[in-house]
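Asks: With the hints as your guide, set chain B with the ligands onto chain A.
Heads up: the protein sequence lines correspond to chains A and B, in order. My numbering applies: residue 1 is where the first sequence begins, and numbers increase by one. My numbering applies: residue 277 is where the second sequence begins, and numbers increase by one.
Hints may contain errors.
No more than 27 Å apart at the CA atoms, straight line, and that leaves these computed lysine-lysine pairs for DSS-like [stated by the list, open to error]:
# : chain 1 : residue 1 : chain 2 : residue 2
1 : B       : K608      : B       : K649
2 : A       : K117      : B       : K486
3 : B       : K608      : B       : K575
4 : A       : K176      : B       : K352
5 : B       : K371      : A       : K187
From the derived model, a few chain A residues whose C-beta atoms are all more than 10 Å from chain B [claimed, not checked]:
#  : residue
6  : G44
7  : S88
8  : P136
9  : G151
10 : L185
11 : F189
12 : L204
13 : G249
14 : L272
Bear in mind the hints are in silico, worked out from the structure with no lab data behind them. Ideal Cβ placement from N, Cα and C applies to all residues, glycine included.
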Amino acid sequence: MDSIPRIPLGEWTDNFITYLQINFGSGTQAFSDGLESLIKGLQGFLISLPPELVIIVVAILAWWLAGKKIALFTVLGLFFIYNLGLWSVTMETIAMVISAVLFCMIIGVPLGILGAKNNTAHRIIMPILDFMQTLPAFVYLLPAIPFFGLGVVPGVITTIIFAMPPVIRLTDLGLKQVPEELIELGKSFGSTFFQMLLKIELPLARSTILAGINQCIMLSLSMVVIASMIGAKGLGGVVWRAIQTLKMGMGFEAGVAIVIIAIILDRITQNLGKSK
Amino acid sequence: MIEVKNLIKVYGSNTDKVLELIEKGMSNEEIKNKTKHVVGVRDVSFTVEKGESFVIMGLSGSGKSTLLRCINRLIKASSGEILIDGQNIITMSGKDLEEIRQHRMAMVFQRFALLPHRTILDNVGYGLEIQGVDKRKRLDKVLEVIEMVGLKGWENSYPENLSGGMQQRVGIARALATDPDILLMDEPFSALDPLIRQDMQDELLDIQNKLQKTIIFITHDLDEALKVGDRIALMKDGCIVQMGQPEDILLSPATEYVARFVENVNRSLALTASSVMVRPRYVVHPKDGPRTALNFMEKHGLSTLFVLDRLGKLKGYIKAEDASDIASQGIKDLGGIIQTDMPTAGPDSPLAGLLEVMAYTKVPIAVVDENNKLQGALVRGSVIAGLAGGRGEMNNG
Ligand SMILES: Nc1ncnc2c1ncn2[C@@H]1O[C@H](COP(=O)(O)OP(=O)(O)O)[C@@H](O)[C@H]1O
Ligand SMILES: [Mg+2]
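In isolation and in its complexed conformation, chain A is listed as follows:
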């Protein structure tokens, strides 16, 4: 077995990335700048809001979508985070999650529609998603660095890539689950492609797509935390610093804050699909 020379997979990858960097570097730079100002702007905006206002608005949202108990949990949880002095890093994290999820939806929903409508596209997209979902999360971090350097932008971009599969998958699934008779209904009345999509397919796939978005939000949160390893800051940054400096208490506090945010986000968005 040893007679076969080592296959230089790593070098090939390096060469490929260098090639991409040389040929697409300027494009990624412009994109990177745009994304950075978006995320930074959102972070600045959330941090500038009075914490009381944020707590009240999120609690009302929680009450409306998930009930009294979750609303109460939201108030207590967010207050606790504020009390621990983790408010602004939490807002940083939330801003990154929001940006990533936004992009996941903008890119993922159309890809899901494409997959549902076109068999060839489906056969190309699905294996890629399978592959992406088997990779360990932090492997995603590596290729982002040569393109976007360290910081918040590569963090959010890896998050987008990592969290997008469920949006694509469940959009595709939701559209395929629309009953055949309703598709026939739409066609038999002479609906165009977009009328079918907007008046029949997407409304009927809505709760499945929203389940995908819920998963996407949860994956985003976990990836945004991991992305602190490449300098994305936020709550993950606190954990990362705590690990490096062996400050167990500080790490634990940030960890609890992450769990609180995860629960609030999950419960609120879980019920999006169920409400009329």
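Replies: Frame of chain A; chain B with the ligands shown alone:
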């Protein structure tokens, strides 16, 4: 007018090959075993006139839905022509097809196919919305058809709050809202309870009386077919095995298959007086004497006899005992003993309504046309034979 000519639908990827095999006369079963292709519709031709209700009937899997869906091209036919007022649906452009689907035809579905996220109002308005009619203009038409199907007051409900029968009323209202001249109905009442089904059939007939749509109606229920159809086509294995008016199918089933299909039907619904009446051969004129009449009756074993005037119009009937009375008194004219209280029926009267009359009268029911000319007589023997499925030639006694 809808003309379907030599329509074939093969499910599968290599239709050309299968079309050749069909040409050669290979059976669907063999084709399936050999090529894994399913022949859904096999060389079907028929014409539906404007304003006609054409029923396609057959057991499950006989190709009814496939045939119907070829007509609005939800399924693309493999070969043949479908002409709607001369335009070929199969070859027309996507744009023209959309246009025809929007304005000329509408479909009613077996499982109603209502959109759960829309109110009744918005479900019924779907077709108009697709046409781009604005909301205010839609409303009048939508309310009008909702009222027509008896759902006034339910406009703002959601489909899940309606019973099956009401949901299908919404389906029908939606189909009527765009004023199409063709309605394609795929087993619209099969999912409903029998009593509700009958109400819906009656209502459809009412609507049809008012609006005179061209209807293609699918069912696997012969009673329903007989009630709804002006003409019926019976399908088996993708082919039409018999086509004709309801009585044709009932009285002269073309094949064993049709005969078996017809066996259990409630025939009184489909049969009309003219389809089971016998020829009234034994009539006399008022000027004929009682002796002649008595001879007739004795010879053929009759107890009553119709009396016509010179023009063939029905004047009444005489009884054997009255005739022999006046014969013994030497009276030559029958005028005095003609009874006029006999039951009559038109040639198109449904048998269902006449059965009761028959039960309470000893006299045969006279079948007369609009000019009161005698066409035939309904006698028990022939009616029972008709109901039982075989039509015997009987005397009117
Ligand atoms: N999409 C399809 N693919 C393959 N075969 C089909 C398809 N749809 C229907 N068939 C077959 O075509 C035949 C006719 O079906 P269908 O038109 O639905 O009959 P019906 O409406 O009379 O019950 C059946 O043998 C059925 O299995
Ligand atoms: Mg069917």
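Asks: It remains to establish, for every hint, whether it holds in the given structure.
Replies: Outcome of the hint check:
1. K608/B - K649/B: holds, 25 Å
2. K117/A - K486/B: Cα-Cα ~42 Å, so violated.
3. K608/B - K575/B: Status holds; Cα separation ~20 Å.
4. K176/A - K352/B: Distance ~21 Å between K176/A and K352/B Cα, so the pair holds.
5. K371/B - K187/A: With a Cα-Cα distance of about 12 Å, the restraint between K371/B and K187/A holds, given a limit of 27 Å.
6. G44: holds, 39 Å
7. S88: holds, 41 Å
8. P136: holds, 40 Å
9. G151: Non-interface label on G151/A holds, nearest chain B Cβ at 43 Å vs cutoff 10 Å.
10. L185: Check fails; 4 Å does not lie beyond 10 Å.
11. F189: violated, 5 Å
12. L204: At about 7 Å from chain B, L204/A fails to clear the 10 Å cut-off, so the statement is violated.
13. G249: Given a closest Cβ separation of 50 Å, the condition holds.
14. L272: It holds; L272/A is separated from chain B by about 15 Å at its closest Cβ, greater than 10 Å.
The structure does not agree with the numbered hints 2, 10, 11 and 12 stated previously, though it agrees with the rest.
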